[in-house]
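Novice: Protein chains in written order, with our numbering: chain W, 2 to 433; chain D, 302 to 763; chain A, 647 to 956.
These aren't lab readings, by the way, just hints derived from the structure by calculation. Backbone N, C-alpha and C define an ideal beta-carbon position, used for all residues, glycine too. Hints may contain errors.
[What the hints assert, rightly or not] Derived pair list, reagent style DMTMM-like, types lysine to aspartate or glutamate, alpha-carbon separation capped at 25 angstroms:
no., chain 1, residue 1, chain 2, residue 2
1, A, K713, A, D776
2, D, K469, W, E255
3, W, K172, W, E398
4, D, K662, A, D776
5, D, K433, W, E242
6, A, K899, A, D847
7, D, K699, D, D636
8, A, K721, D, D643
9, D, K344, W, D52
10, D, K662, A, D759
11, A, K803, D, D643
12, D, K573, W, E282
13, D, K469, W, D73
14, A, K899, A, D773
15, D, K757, A, E807
16, W, K74, W, D170
17, D, K699, D, E511
18, W, K114, W, E86
19, W, K174, W, E103
20, A, K721, A, E767
21, D, K500, D, E601
22, D, K469, W, E242
23, W, K172, W, E113
24, W, K213, W, D73
25, D, K662, W, E28
26, A, K803, A, D776
27, D, K573, W, E28
28, A, K848, D, D643
29, A, K803, D, E760
30, A, K797, D, D636
31, W, K114, W, D52
[Unchecked claim] Now the stretches of chain A that chain D is said to cover, found in silico as 3 or more residues with beta-carbon under 8 angstroms:
no., segment
32, 769-778
33, 801-808
34, 822-829
35, 942-949
[Stated by the list, open to error] Only part of the chain D face toward chain A is listed, based on derived beta-carbon distances under 8 angstroms:
no., residue
36, A455
37, A640
38, L650
39, M652
40, P666
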Amino acid sequence: MNSTNEPRRSTSSAAIQASLKRRYARERRFQWYGRLAVLTGFVFLFILLADIVSKGYPAFTQQYIMVEVDFDKEQLGLAADATAEQIADADYLGLIKRSLREMFPEVTSRSEKKQLYRLVSMGAEYQLRDMVMDDPGLLGQTREIWLQAHSEAGSYLKGQVAADSDQADRKVKDQQVLWLDQLRAAGRTESRFNTTFFTAGDSREPEMAGIKVALYGSFFTLLVTFFIAFPIGVSAAVYLEEFAPRNRLTDLIEININNLAAVPSIVFGLLGLAVFINFFELPRSAPLVGGIVLSLMTLPTIIITSRAAIQSVSPSIREAALGVGASKLQTVFHHVLPVAMPGILTGSIIGMAQALGESAPLLMIGMVAFIMDAPTGITDPATVLPVQIYLWADSPERGFTEKTSAAIMVLMGFLIVMNALAIYLRKRFELK
Amino acid sequence: MDTPTVFLLLIVLSIAGFFLGRRRSRTVVAGEGGARALHSLPKHYGYMAALWALLPALGLLLLWMLFETSILANIVIGELPASVQQLPESERGLYFNQVVSYARGAVDASQLSDVQVAAAEHYRELLAASGKLKALLVALMAVIGGLLALRRIAPALRARNHVENIFKWMLFACSFLAVLTTLGIVLSVLFEAIRFFQKIPATDFLFGLEWSPQMAIRPDQVAASGSFGFVPLFVGTLLISAVAMVIAVPVGLMSAIYLSEYATRRFRSVTKPVLEILAGVPTVVYGFFAALTVAPFVRELGESMGLSVASESALAAGLVMGIMIIPFVMSLSDDIINAVPDTMREASLGMGATMNETIRKVLLPAALPGIVGGILLAVSRAIGETMIVVMAAGLSAKLTINPLEAVTTITVQIVTLLVGDQEFDSPKTLAAFALGLVLFFVTLLLNVIALYVVRKYREQYE
Amino acid sequence: MDSPKALNSLSSAAGENVMDTGSTQETVASEAAPRIPLDIRDHGSVGDAYETIGTPLVENAKMSARKVNVYYGDKQAITDVSLDIGRNEVIAMIGPSGCGKSTFLRTLNRMNDIIPICRVEGEFSLDGEDIYGSGQDTVLLRARVGMVFQKPNPFPKSIYENVAYGPRIHGLAHNRAEMDEIVENSLRRASLFEEVKDSLDKPGTGLSGGQQQRLCIARAIAVSPEVILMDEPCSALDPIATARIEELIDELKENYTIAIVTHSMQQAARVSQRTAYFHLGKLIEVGETKQIFTMPRHELTENYITGRFG
């Protein structure tokens, strides 16, 4: 052993030994930072989901109040031989008001009456009208009918408002609380699954608002997006992977695709507004333009994932097909694409999920309108689910907060299904 | 005839072209040994005839669809009385919109003047005539195309190569669409932005410290033209992005490091997809979360500490944006760190370095360019993010770097200026496009630099 | 501490190619090519209970390993190996690829700890201290037992920083002058100093392959290890660079104990005093290098050194 080396060796060992405690403490600290970071992500996710679900789940129930309605012809101002049109135009609101007054005969002052009428939904008169239209025999009879509660009364019945809180802080006034408690004690209130939410369009009244129109709009928009983006995206991927010569033009295309993938979505909205609406004068607010804009936005995603899928097809398949005399095009369409299809579909579904959740570019092309009737085609004015969420989130009524969260839950449900499908496809693809 | 019918007709014609082409290819070689004498299979001749019939006519149909409305509108507007012609453009547009709605049967005549009803009738006639003409021309084009192809069919014609060439060009056209899209974006924002700069000098826009695009109601008011200083918007955008980065970079980077270097494989396989859910949440959901939950919380928290916090503070919007970007930073850094060769880890661990020394002194410095590139991409995403700030950031442009105050961003202003009733040609509307131009170029610059840096980084270890 | 980080390449390789963690496909192919490779399994398999021929144990050993078994998951990579490494000797470990020689080398400074599925049994000691004992610490152990890898792997830092890395993390230099001295001495011992003295601030990755490997050796000796483990240090180098490394090993053995895994029998013969022959995870024969190469006592050793299989 070297004599000069030996002392240094022991000193270095000792020096290392001395530093160990500090270094291990630092190591543990560092690991804790890592755990903390992962935990932070989890906590954020949990708070986000818990917040949405806790706000949204009450929206799936709807409150009803049983009211005894006397379909008195005189009260409705209808003659014995009233036409259907007259029946439709009759004063059902007055009917409801009278029924409510009869239930609480002690109410006399104007302001109290006004509060009393606010127990049931503005939509109740249409409910009665439809009943009579369906069965004119009801006229002259008296029935006990479940009428939808006003959203504020409903929110008290759901227990979202504490009766002992300060009256000034809540929309439901003490008098109404008293009435509602009486009704509940008499078994005249009921909670049901909220079907209105899925069957109605937008409305100014929270209890009458639903997502049907938005769902239709999203469906039509995605349909347009898919039929544009999928064929074009796959074709572009096939070209770039199989046919593109290595030259400047191809480079230009590739650079463009990569950059478009990172262009803010709102810029696509500006493109849609300037080109499709202002220049080509396509209809505003329509799923057609929305779909075109979203397809341009999702194209890069579809192209990039499809290229990866095509790339992963083993070259031996190509060689085999070319070897038996198939042309390049036949090879691609008969042999390469079928093998790559699960991967391509996975990418396309992810692209579609992106498009389904996107709202910013659609604001630009006017899909923010207040729309009550479901679109029947791709050129009708429409809105989509995320934009509906945006619109409701802006509404001050408490009832809309609940609806917004519920709509978010529906949207997230769709996204989860789409992503699960993509994961399933990818798993199957990997097994092969 | 309406467009779907014409389209259907076109498809039928093109299918007919296929069968005719196939039959003709068989007849031309009937006397010369049958189909073997053909260069290609009979179906290729069929495809050729079908494509010749379809493509030019389809192109015509698309062009017609794109320009029909604007041309017809110009004709009808041109025939309106002079008093209407002299209306300002926005009112004339409104006037004409009523005509169109009536022609479509959306409104009844009671809301319109007689002139409008007459114009609407005329519009309806023109529309019908245009429909007929469209069907006729498209059909004619298809027939001519198909016949031309049929005439060319001969045994020596390389139909297969011909068809495949057409297909290749179609595939090329699809990928070229990416270039057209970029071009479309640049031209549309540039064109409108130039019109904006004709009204507001570019220097006022770029260096102005005040942004209040609201036009004065009375002409004698001060600043009747509004002021369009871009600086406060840019500072606001950067402020919110900076808050987002302060959240996203440490959390995302440390998560990536922990998951790739410390966590067991099982922990990683569960944790990573769960955290990536954050990336799949639509931005409108984050916006809702920011506006209704985080902003009030931040405000109350601040007030309990004796700070005055705006209800639409940059902090709340930035915080939520940071949450959104965490998975983005995480998966980018994960890729980058994994690209560092394992031999580096072995070398460092092999001489007695602890894992964190290895990470901090070897892996991170080696991965630094890639990580910087990834962060640039994340910044570009934060700058372009719209919904969160539209819902949770302020509207008034305040030049401040205090995250507790409300600031506004480029994207918020674009949305505010363009949503709702638009006055065409007012600087207010055009300003949105000028902002769009800036947004596009800033993000483009960041992306190009980031993609270049990341690519160089990857090449280094390949 | 050493975490269960899954070194991707290693753990995935461990599934298929169980033994010899740093397995080298290229070298295997190039060495096997000229001869007709026989399947090693045809040549007298050794039973589970076997005895190593020769002299695996020595007096006053620097490091010793007893009854070592190593598993990757369910598969056994090393079976019942006992071997001593003498002070200031160069011991070569040879054998066909997948024989467990690299795995064994890595157990000596616990580099196997970083592979989650790897399990090590047996007794190891360094100067009589238990290597795998609870009082032992991988940081200190690896500072004392350094390692040089198959492929030169300098950090993407300057030459100076590469060498200074170890002393810096271990806190061995108290000021710039001390660090300069350590760096210069280490580079001199690795006989690289003269070539790089004017470019100490240039990146280490810019050197040639042979220089990079010598830089890695300088980096390893900068923390004054007692033992240096070399895992096929020349497999990625050309013959001239290989010769330089071999000369260097010869000089280093004055001060250090060296264990080298090699695929090249000539190299083993040139640089080592003792040679250990591994076969399918078992230590077949150990002896004076001269004796192993001239008079092998086991049939498998003979077959291997005469090139019947590689």
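Novice: Kindly indicate which numbered hints from before are broken by the structure, ordering the numbers from low to high.
Specialist: 4, 5, 6, 7, 9, 12, 13, 16, 18, 21, 24, 26, 31, 32, 34, 35, 36 and 37
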